[in-house]
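Q: All chains, please: the whole structure from these sequences, using the hints.
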Amino acid sequence: MPSLSDPANPKRRRLVQASAALWGGMLVGVEMSANAARLVGAAQTKPDAGAVELTAWVRITPEREVALVVSQAELGQGISTTLPAILADELGADWADVRLLTAPLRQEYRHPKYQWMFTGNSESIQSFYDVMRNMGAAAREMLTLAACQTWRADVADCRTENSYVRHVPTERRIHFADLAGAAALLPVPQAPILRPAAELRLIGRPLPRVDVPDKVSGRAVFGIDFAVPGMLVAAVRTVPAIGAQVTSFDATAAKAMPGVRAVLPLPNGVAVVAQRYWQAARALATIRIDFAQTEASRSADSAVIEAGYARVMNDGPWAPVLAEGVFAGKPAFEAIYASPFAAHATMEPMNCVASVTAERCEVWAPTQGQDLAALALQYALGMAPERISVNRTPYIGGGFGRRLLPDFVVQAALISKAVGAPVKLMWDREEDMRRDFYRPASALRLVAHTDGHGLPTAVLAQLISPTILLPVFPPIQKTLDEKGFDPSALEGLLELPYKVAGRRVEFHLPKLSVPTSVMRTTGYGPNLFALESFIDELAHRAHRDPLAMRRQLLAHDPHALHVLDRLAVLSRWAQPLTKGYARGLAFANAFGTLIGMVAEVHVKASTVRVMRVTAVADSGQVLDPGIARAGIEGGIVFGMAYCKSEVRFEQGRVLQDNFSTYVMPYLAECPEMVIEFVSSERTLGGVGEVSPVTLPPALANAVFRASGQRVRSMPLSRHGLSFA
Amino acid sequence: MFALNVNGVNRSVDVPDDIPLLWVIREELGLTGTKFGCGVAACGACTVHLDGEAVRSCAYPVSAATGHQITTIEGLSPNADHALQRAWVEHQVPQCGYCQSGMLMSAAALLRAHPRPTDAQIDQAMTNICRCGTHPRVKAAIKRAAQAMGTHRA
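Protein chains in written order, with the numbering used here: chain A, 1 to 724; chain B, 725 to 878.
None of these hints come from the bench; they were simulated from the model.
Model, not experiment: these values are computed from the prediction.
Selected chain B positions facing chain A (Cβ under 7 angstroms, derived; list incomplete):
hint: 1; residue: W747
hint: 2; residue: G761
hint: 3; residue: C762
hint: 4; residue: I797
hint: 5; residue: E798
hint: 6; residue: Q809
hint: 7; residue: V813
hint: 8; residue: Q816
hint: 9; residue: C820
hint: 10; residue: G821
hint: 11; residue: Q824
hint: 12; residue: M850
hint: 13; residue: I853
hint: 14; residue: G857
hint: 15; residue: P860
If you want the footprint, here are the derived chain A segments under chain B, 3+ residues with CB under 8 angstroms:
hint: 16; stretch: 215 to 223
hint: 17; stretch: 343 to 351
hint: 18; stretch: 392 to 402
hint: 19; stretch: 655 to 664
All C-beta atoms in this analysis are idealised placements derived from N, C-alpha and C, irrespective of residue type, glycine included.
A: See the structure below:
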């Protein structure tokens with residue numbers, strides 16, 4: 001397998017070079033402070049003494065436990081249960097004996113296709129399912145062979161179950177722990193044989209999540225809770241406007257305050273390092289930062305950006321992305337849809353523990369992107385990769401894409417280096433929301449040519465969106481420069497599920513000073529809000545039932561039809577509702593999963609009450625129905641958040657920088673939910689991001705049918721509407 | 725110096741009087757189950773009890789907490805076996821889990837005031853924010869716990 005330093009892996013090499021260019025250039029050093037603390041002690045990673053490593057994924061501990069490595073970050077999506085369960089099932093380990101280890105940055109734990117360690121894009125199950133099966137089977141074959149050497153038996157007569165190898169003819173058995181030493185000496189099988197489906201006991205069943213007990217007792221250690229000996233705490237305040245420059249600040253009072261160890265100038269603000277966070281925050285509050293607006297801060301302005309989008313809608317220019325089929329006659333209908341900027345607003349604000357000396361950099365970060373963090377540290381510190389360790393904290397308070405980025409990790413490391421002591425950097429909510437890489441605002445024009453029955457025969461899509469991919473996947477710069485489009489921003493527009501003969505897709509890539517990047521649903525969310533609203537508008541204009549019309553457009557896809565048919569039943573689609581109540585439908589093929597959703601709403605004056613949301617999903621095989629269902633449920637609420645709040649900018653200022661202004665859905669606003677998975681032989685799809693894709697269009701379509709008001713942009717407040 | 729009673733134990737802390745109770749709990753007393761979410765009492769991640777009432781500790785000065793019984797998630801039950809914690813496990817409520825200490829403390833205060841809460845009472849009391857969207861399970865688990873506690877008492 002190619003390795004970190006292996007220049008023979010061109011995919012990885014491109015990633016490394018481009019990431020270095022992007023993040024290396026964006027990082028500016030922290031000035032050294034005279035008021036530096038002293039490093040007291042280095043932190044130790046969890047000891048694993050006496051454990052036997054069978055493979056990179058499987059260790060047997062002296063306590064006779066089966067320790068499995070979790071490559072993917074547990075962000076709440078349940079991956080730390082589902083992936084190890086696949087491996088344990090294949091191995092024949094007793095699930096009660098399984099203990100989980102958070103993966104360090106290491107070649108084996110990288111995404112098998114990209115050779116890059118990250119958690120995102122709903123890809124964890126799809127990418128690691130085969131790896132888990134194979135590594136479970138490999139360890140099983142090693143343990144079985146070791147047992148057969150003891151017994152002088154035939155492997156064909158042996159089985160593994162409940163952490164034992166069993167010799168079936170004689171009913172003898174040996175525990176994995178008593179075989180591990182011998183098994184570890186055997187070569188790792190390169191093509192192990194997988195169990196037949198009938199033997200699988202964990203896959204396909206709802207397992208209790210391994211992380212739930214710690215999360216209800218308060219014992220779970222998140223990034224904010226992580227500590228190493230001798231650690232100081234840093235609070236930071238950066239300029240309150242994107243792109244503005246610090247002119248001066250007066251830290252005289254702050255430096256004299258109790259517990260304060262250092263006040264450090266940052267490239268765009270100031271950090272206070274103290275014994276306690278409350279001391280740092282208190283001192284920070286006394287510092288007034290004077291700053292100067294720049295062209296970048298003046299253009300980070302919602303009104304300016306919206307005016308720019310409007311100009312492009314009129315005049316272009318457009319980069320061609322796709323052109324096929326015939327556009328005959330005149331367009332029948334055209335509409336423009338818009339999605340706003342949104343903040344990730346993870347419940348746990350960005351934070352990171354870093355310990356940097358002249359020789360080593362070790363960080364403990366609640367991160368989704370270990371490889372990118374390591375690379376950014378390498379360039380920020382000018383340190384060789386082998387001197388850098390990026391550890392992931394075991395629990396992470398939400399990610400949604402934000403924690404793929406390394407900015408907060410690098411900031412922590414630079415502060416630690418400056419003060420010469422381990423430091424925990426903690427952003428407050430305002431810092432977290434002002435220094436986000438937002439889900440970009442986008443605008444999409446759709447133009448349809450239709451046949452005599454109102455069905456679209458050709459569709460033109462013109463999309464304006466700043467980049468999504470660049471900060472997390474810097475090699476995409478080449479595509480942005482040469483082709484003028486961002487593939488992630490186009491998601492859902494190139495591969496329409498519907499049969500439409502004529503297709504044209506064009507793109508405009510504005511360069512904004514507002515930083516933008518991936519956020520749960522990436523391009524699918526905004527694009528399918530537009531597309532599914534548009535299909536609904538076409539159906540309305542043709543006096544067609546929206547579900548019946550979609551059935552007709554999906555006649556070539558039996559899986560899609562099955563989803564829609566189940567949805568019709570479960571949502572009581574055909575059952576009439578009283579005035580003010582209505583149902584709206586959306587369908588998507590996103591992240592490898594087919595999903596149909598019906599939102600039932602009650603619109604009364606300016607309030608929208610979401611009564612009931614029905615979702616039917618086909619993600620191929622469902623590996624854990626309980627966890628998958630929770631993902632769909634949570635995603636419905638996440639989708640409602642996109643309909644409820646937006647982030648706006650004024651001269652670089654972020655107008656929504658806390659939950660008092662960026663208002664999220666409350667329990668009282670949450671609907672009844674009906675969720676069903678239909679399993680099929682389709683390949684595995686992701687379930688973490690599909691329901692927030694379909695919720696906004698299903699809701700907008702329901703609002704139209706209930707009130708006659710067509711919502712072509714979110715959030716609802718732009719139309720005088722709010723949730724009840 | 726402030727004398728505080730936290731989870732039944734008397735503690736004294738030497739901090740300025742306007743420091744939010746949250747940071748005293750987390751940093752001076754080392755109880756990290758209570759989380760920081762917003763600093764302006766808008767999200768509820770920092771919810772603790774003062775004499776059984778839910779309080780958002782991120783915006784509550786330590787000086788106002790003296791003379792009261794303070795309870796954090798660590799003190800909600802001896803073995804994480806409060807009816808709500810059991811119901812939370814049964815319904816597999818948490819996702820990322822960061823808001824859940826606050827959710828549980830808000831729910832515990834609700835059940836203390838209303839042992840058999842109506843939907844409207846749950847809606848009104850549970851204004852904690854959860855970005856993962858665990859709200860439907862929070863609601864179901866509160867009802868389950870209320871039912872279990874009622875059975876237990878009967």
